[in-house]
Amino acid sequence: MNRINQKLQEDKKLLSIYFTAGYPNINDTVSIIQDLEKSGVDMIEIGLPFSDPLADGPTIQASSTQALKNGMTTKILFDQLKDIRKTVNIPLIIMGYFNPILQYGVEAFCKQCQEIGIDGLIIPDLPVDVYHEDYKAIFEKYGLINVFLITPQTSEERIRYIDSISNGFIYMVSSASTTGAKEGFQDEQTTYFERIGNMNLKNPQIVGFGISNHQTFTQATQYAKGAIIGSAFVKHVSNEGVNTIDKFIQGILN
Amino acid sequence: MNYNVNEKGYYGEFGGAFIPEMLYPNVEELRQNYLKVMEEPEFKKEFNQLLKDYVGRPSPLYFAKRLSDKYNTKIYLKREDLNHTGAHKINNTIGQILMAKRLGKTRIIAETGAGQHGVATATVCALMGLECIVYMGEIDIARQAPNVARMKMLGATVVPAKSGSRTLKDATNEAIRDWINNPVNTHYIIGSAIGPHPYPDMVTRFQSVISEEIKLQLIEHEDRENPDYVVACIGGGSNAAGTYYHFLHEENVNIIAVEAAGLGVDSGESAATSVLGKEGIIHGCKTMLMQTEDGQITEPYSISAGLDYPGVGPMHAHLCKTGRAEFMAITDNDAMNAGLELCKLEGIIPAIESSHALAIFEHKTFKPDDVIVLSLSGRGDKDLQNYIDYFKI
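Chain order of the listed sequences is G and C. The numbering of the first sequence is the numbering used here, which starts it at 2 and goes up by one. The numbering of the second sequence is the numbering used here, which starts it at 141 and goes up by one.
Any given hint could turn out to be false.
DSS-like mimics (lysine-lysine), calculated; alpha carbons at most 27 angstroms apart, straight line [unchecked claim]:
| # | chain 1 | residue 1 | chain 2 | residue 2 |
| --- | --- | --- | --- | --- |
| 1 | G | Lys14 | G | Lys76 |
| 2 | G | Lys183 | C | Lys302 |
| 3 | C | Lys302 | G | Lys70 |
| 4 | G | Lys137 | C | Lys302 |
| 5 | C | Lys355 | G | Lys112 |
| 6 | G | Lys236 | C | Lys302 |
| 7 | C | Lys205 | G | Lys76 |
| 8 | C | Lys461 | G | Lys70 |
| 9 | C | Lys355 | C | Lys205 |
| 10 | G | Lys183 | G | Lys137 |
| 11 | C | Lys355 | G | Lys137 |
The following label-pair restraints were derived from C-beta to C-beta distances [to be verified]:
| # | chain 1 | residue 1 | chain 2 | residue 2 | range |
| --- | --- | --- | --- | --- | --- |
| 12 | G | Asn244 | C | Asn473 | 50 to 58 angstroms |
| 13 | G | Arg196 | C | Asn173 | 23 to 31 angstroms |
| 14 | C | Ala289 | G | Lys112 | 39 to 47 angstroms |
Hints listed in this document are in silico derivations from the structure and should not be mistaken for laboratory results. Only a predicted model underlies this, so the values are computations on that prediction, with no experimental measurement involved. Even for Gly, the Cβ is constructed at its ideal location relative to N, Cα and C.
Could you put the whole structure together from the sequences, leaning on the hints where they help?
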């Protein structure tokens, strides 16, 4: 069974952390992953940096730009991760935009992911239909779970369609925004979380966007299986370096 | 061979809508409505009325006698430079602002490079009394001060794009991010034949008035509808798309697309996407774009801010791949000289974008009885400083 599915079966609320690979320094990737696992994080999204990250706000944009300046490439990332399964057991997901994956070759990329022990992919600008028609078979061949996003504007019909072709979890974007744009939740969001919760989808939901601290983590996970923190973590690393990761994670969990 | 968009939003293998789910409802709303709205008699009437009374259409098709004499062929200029706001851009912004109103949108966003599309958008927003926010790269704001002032005078808010390389590509990213953050009340007026489906097709249709008029006007001049050649410069490719549209399936009409070679195609400072680009995804569509081996989008270069874009619209990628259009790359130097030549021979100061198209006559020989229609996409007022600096006037 895929590590993501195993993790989703655990009787606990899940904390997933996003970080940009190659930031703040090009060789921080492996130690950040190891430290996150040691701190009690349940799942990690490894950001493959892109020059034009459309769905991201200023924090993740800046970290991506810096990572590219540091020399990060798809090949280097794969090289850094080649022995990651010797030390890390939690699910690992690569989050990246479609063009770098397309240039690497979708099948070659997926094959490499399987060899390393990557469990899933999040590709915000790969549309559901294109995935379904052109790439689903390849992802499945290499045992990769593709995670789709839904937003407050996604219609019920489309959510059901996304649910039907998902086989891990659904990434529930908390509000109409880019990453890191808003903090905290209003009634509008909690109503939306409840609405989705009541749809009895076959895939559990994990909330992303707008979660930055213990309070918002607790709030989000009242309605969902877990929550993802991205910009707040990248900001922490940017301000305080990579030596205080545990402090940040304990602050979220406790 | 079909050169128009298919029902799935593709031109051959190019096009589509590679957008984050956050944009899906907006783009889908547009996809479901754009053709329906454009077919409404009321919409057509209002669009055509504004093109006539406000933009000043039809734009003349002018036989450039002295230029023709020099190159020993027959050159007609489609005078988009005479439109209100000085370029073809307004054809599209008039269409899209009417579309936005039909869809009940109250807030308009746009991206701009040199500021021409920004000015055209600010203009129609003033005309319709809608809020207007224009994203413009921080570097472009510094080098295009007159257009920034124009937009402000017209009531628009100009927001500097501070991410990435701080030019057109990043202004486009910022506009897309704004749309993600304002999914309900906002319409994004894309200025070129790029973006996710249905934008390339919608922009092309609004610009297709150019070739529609050429057909009628050429009958008056030459007693024939079709020229032997249509020529236009290409950045993203909206004036080219409009110039070619009604000739795409006329086999006897040769299509020439002129890209900016910058300092030379192999100089590392160029915007010749058809030569330097590779298939990939930029701003929501699959097309030809300039990128690193690793799939990172690179920064192009051209003296012309309007051609300084790392991709071409998906329709043009298809025209290139199928060989339907001949692509030529013109350097800064050749374009500037061709621009100055038009001043001296015809008394017309062209935009530097259009000067690239004019420069092909130094590189390609036409027959004396060939009829060539060249889109003079914009006027050179905005480029005066560039011309002054270049020729030390």
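We went through each hint and held it up to the structure:
With a C-alpha separation of about 34 angstroms, the suggested pairing of G:Lys14 with G:Lys76 is violated against the 27 angstroms cut-off. Only pairs whose Cα atoms come within 27 angstroms are accepted, and G:Lys183 paired with C:Lys302 is accepted, the gap being roughly 19 angstroms. Simply put, C:Lys302 and G:Lys70 have alpha-carbon atoms about 16 angstroms apart, close enough for the 27 angstroms limit, and the pair holds. The hinted pair formed by G:Lys137 and C:Lys302 fails the criterion: a straight-line CA distance of about 37 angstroms is larger than 27 angstroms.
Of the supplied pair hints, the one linking C:Lys355 and G:Lys112 is violated, its CA atoms being roughly 54 angstroms apart against a limit of 27 angstroms. As the CA atoms of G:Lys236 and C:Lys302 are separated by approximately 18 angstroms, the hinted pair is consistent with the 27 angstroms bound. Our distance criterion of 27 angstroms between C-alpha atoms is broken by C:Lys205 and G:Lys76, whose separation comes to about 58 angstroms. Taking the CA atoms of C:Lys461 and G:Lys70, the gap is near 33 angstroms; set against the 27 angstroms cutoff, the hint is violated.
Restraint check: the Cα-Cα separation between C:Lys355 and C:Lys205 comes to about 20 angstroms, which is no more than 27 angstroms; the hinted pair holds. For the hint pairing G:Lys183 with G:Lys137, the CA-to-CA distance comes to about 33 angstroms; that exceeds 27 angstroms, so the pair is violated. Restraint check for C:Lys355 and G:Lys137: not satisfied, since their Cα atoms lie roughly 47 angstroms apart, outside the 27 angstroms limit. Between G:Asn244 and C:Asn473 the CB atoms are about 54 angstroms apart, so this pair conforms to the stated range of 50 to 58 angstroms.
Separated by about 26 angstroms at the C-beta atoms, G:Arg196 and C:Asn173 satisfy the suggested range of 23 to 31 angstroms. Checked against the hint of 39 to 47 angstroms, the pair C:Ala289 and G:Lys112 fails, with Cβ atoms roughly 55 angstroms apart.
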